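A.B. asks: Sequence:
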Amino acid sequence: MRRELGLTPAGVGLITSCFLVGAAFGSIFGGRLADRFGRKRTLVLNEILFILGTLGTSLAPNFETVLATRLFHGFSSGGITSVAPVLLAETSTPEQRSQSVTMALLILVFGEFCVFVVGAILGNIWYENDAIWRWINVLIVVPAVILVILHILIVPESPRWLAQNGKANLAWKTLRRMRRSSAQTRHELRYVYENAIDRENEDIEKLENKPTTKKAGISDILTVSWLRTVLLVGIAVAITQQAYGVAIGMLYGTEVLREAGLDTKMALIANIGIGLISFLASWAGLLVVSRVGRRSLLIFGQIGTLSAHLAIVVCSAILPYGTARGWATFGLLLPFLAFSQGAISTVTWLMSAEIFPLSMRGIGTGICMLSAWTTACTISQLFPVKQLECQFQNGDWLALKKPGVSNAERRLNRKAAEAREEEDEEKKNRMIIGLILLHLFTLIFWNFVWKRRKMPPGPAPLPFLGNLNEFSALAAEDGIGYKAMEHYKNIYGPVYTLWMGEDPYVIISDYELIRQVFLRQAEPAGGRYFFKVAKMLSATRGENHGMTRTNGDEWRFLRRSSLNILRDLGMGRSKLDELMKPEFRKLSAKIRTEKLNGVKAHDLSKLIIELNGSAIELLLFGHPIEE
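Residues in the sequence shown are numbered from 22 upward in steps of one, following this note's numbering.
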């Protein structure tokens with residue numbers, strides 16, 4: 022797709038995020054439609070829209086049409102993800118609910134695994150064919166059509182939704198088909214009427230002082246205290262799931278491995294391992310979620326994901342770019358996705374369907390999925406942009422993960438309605454935690470987004486260290502940093518940004534650009550940044566003077582003073598050029614001689630100081646230093 026449509030990294034991110042934007046809107050509308058027209062009808066409708074969107078993407082002639090069809094495609098996918106868990110939760114018994122709901126996640130991940138396998142096979146066989154991505158999309162339609170037919174013929178409507186909407190006879194017939202005995206059916210329907218519907222309507226009527234209604238609207242959710250608490254818990258869990266970067270591993274796994282050092286064909290094959298481990302981890306999560314509990318599994322997954330991501334950061338900082346780093350990153354991506362898919366995603370899907378009362382289950386699940394899709398959209402849009410393309414390996418997402426662990430430990434509870442008894446204390450805690458998180462977010466945003474918005478591209482910095490660790494490792498090869506500069510120039514171009522700690526440096530690695538900046542545009546160049554630590558160290562040695570160690574007004578004053586003195590001595594630009602050319606010839610001859618003697622790298626600072634001293638000697642006394 023990138024080759025055929027001529028996509029830039031920003032274009033790749035836009036196409037991916039366009040799907041997720043549609044999914045975000047589809048999730049909220051899907052929840053509302055499911056509450057009004059039924060779970061099964063809404064699910065089948067979204068599956069038909071999914072098929073049409075997939076075919077539209079495959080036949081799209083240009084970039085704009087792809088965006089429109091991807092938006093349509095995402096809308097249907099968002100509706101499916103918000104309705105499917107609810108339908109499964111309401112058609113299963115309480116004992117089997119966790120396995121039934123997480124089965125939807127398992128099927129979803131298995132589908133992604135199949136796509137990875139097909140993509141690797143077709144991508145390696147027909148790699149030179151720019152339109153191969155269209156055929157991969159066409160193949161997705163085949164299982165989708167089969168699922169639509171099976172859902173129409175076999176899958177029943179939710180008996181809980183039927184009972185809530187006054188269709189008791191149809192609810193009885195539907196539930197009787199899925200239960201072993203009439204007694205079990207009667208007991209479950211009685212529970213739905215006596216405990217689920219009546220109690221929820223009584224709570225809403227009592228807390229809102231208004232007549233009883235069958236469904237809770239958005240106004241009820243926002244104004245009723247315990248409903249609002251349930252919704253906030255669901256949103257927090259949904260955002261936490263995506264903030265850990267699982268979307269990057271699944272959507273950009275190939276790109277991550279290519280950036281780490283693997284070639285494209287090998288990255289496509291390795292991506293199969295990512296899909297396989299995600300499927301197996303989801304299967305394992307399905308088996309253990311009822312035994313260990315939702316809260317324990319979620320916290321375990323968050324800690325494991327955080328540790329795996331930290332290991333990826335260390336790997337990218339220690340190992341140089343190449344095949345070894347690529348395979349090491351792949352090996353660490355596997356536990357990262359295992360914890361994410363097997364624990365965090367499993368609990369998120371399950372909780373989004375079971376923590377909400379029946380009267381607001383559709384809209385509540387839709388809002389949670391909206392939060393998850395919106396977070397995934399933001400991350401997927403930022404990731405491919407060149408300034409941010411290394412963030413996953415350099416650990417910028419760790420800042421989003423730390424609040425997730427403490428948030429789950431503090432607030433997650435399967436019976437969220439019990440939070441009503443501790444409402445006042447919870448409000449205080451939320452206010453304190455909110456202020457802390459706001460302060461942390463402000464610092465992160467200022468250091469890693471706002472300060473970088475107008476900077477040239479460059480490697481993403483680590484907190485506090487910046488790029489010092491990576492630069493030091495590359496500079497150790499030649500001792501003066503020449504190879505490090507060449508490495509960054511090959512990746513980011515002749516102008517790039519390096520962060521020395523918390524301070525940015527704009528590096529110019531091109532001779533003509535240096536001439537243009539320091540000769541033709543010298544005045545603006547005086548505002549260049551000077552490393553604070555280096556300035557303090559040079560001040561302790563009494564070396565905090567001269568044009569090479571100053572900037573701003575002091576630099577401009579020294580430059581103008583020097584030019585005025587030279588003009589007073591009769592040395593204009595042409596005269597100075599004639600004066601300096603012989604000295605530069607001597608310097609070039611000296612470098613060539615040292616190169617013939619086996620010297621591979623030169624410290625130009627000493628040679629330039631000698632050249633300047635010789636020119637000053639020639640200007641004042643009429644002969645250079647050697648004479």
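Treat the hints as calculated values from the structure; they're not laboratory data.
Keep in mind it's a predicted model, so treat the numbers as computed, not measured.
A few of these clues could be false.
[Stated by the list, open to error] Here are the simulated DSS-like cross-link-like pairs (lysine-lysine), alpha carbons at most 25 Å apart as the crow flies:
id: 1; residue 1: LYS627; residue 2: LYS602
id: 2; residue 1: LYS627; residue 2: LYS607
id: 3; residue 1: LYS602; residue 2: LYS616
id: 4; residue 1: LYS188; residue 2: LYS61
id: 5; residue 1: LYS194; residue 2: LYS286
id: 6; residue 1: LYS627; residue 2: LYS616
id: 7; residue 1: LYS627; residue 2: LYS611
id: 8; residue 1: LYS504; residue 2: LYS602
id: 9; residue 1: LYS607; residue 2: LYS510
id: 10; residue 1: LYS504; residue 2: LYS616
id: 11; residue 1: LYS510; residue 2: LYS616
A.B. asks: Give a verdict on every hint.
C.D. replies: Comparing the hints with the structure gives:
1. LYS627 / LYS602: Holds. LYS627 to LYS602 sits at ~18 Å (cutoff 25 Å).
2. LYS627 / LYS607: 14 Å, holds
3. LYS602 / LYS616: 21 Å, holds
4. LYS188 / LYS61: 15 Å, holds
5. LYS194 / LYS286: Given pair LYS194, LYS286 is violated - Cα atoms ~54 Å apart, limit 25 Å.
6. LYS627 / LYS616: At roughly 16 Å apart (the allowed maximum being 25 Å), LYS616 and LYS627 satisfy the hint.
7. LYS627 / LYS611: 13 Å, holds
8. LYS504 / LYS602: 28 Å, violated
9. LYS607 / LYS510: 29 Å, violated
10. LYS504 / LYS616: Satisfied, since the Cα-Cα distance of roughly 17 Å is no more than 25 Å.
11. LYS510 / LYS616: 24 Å, holds
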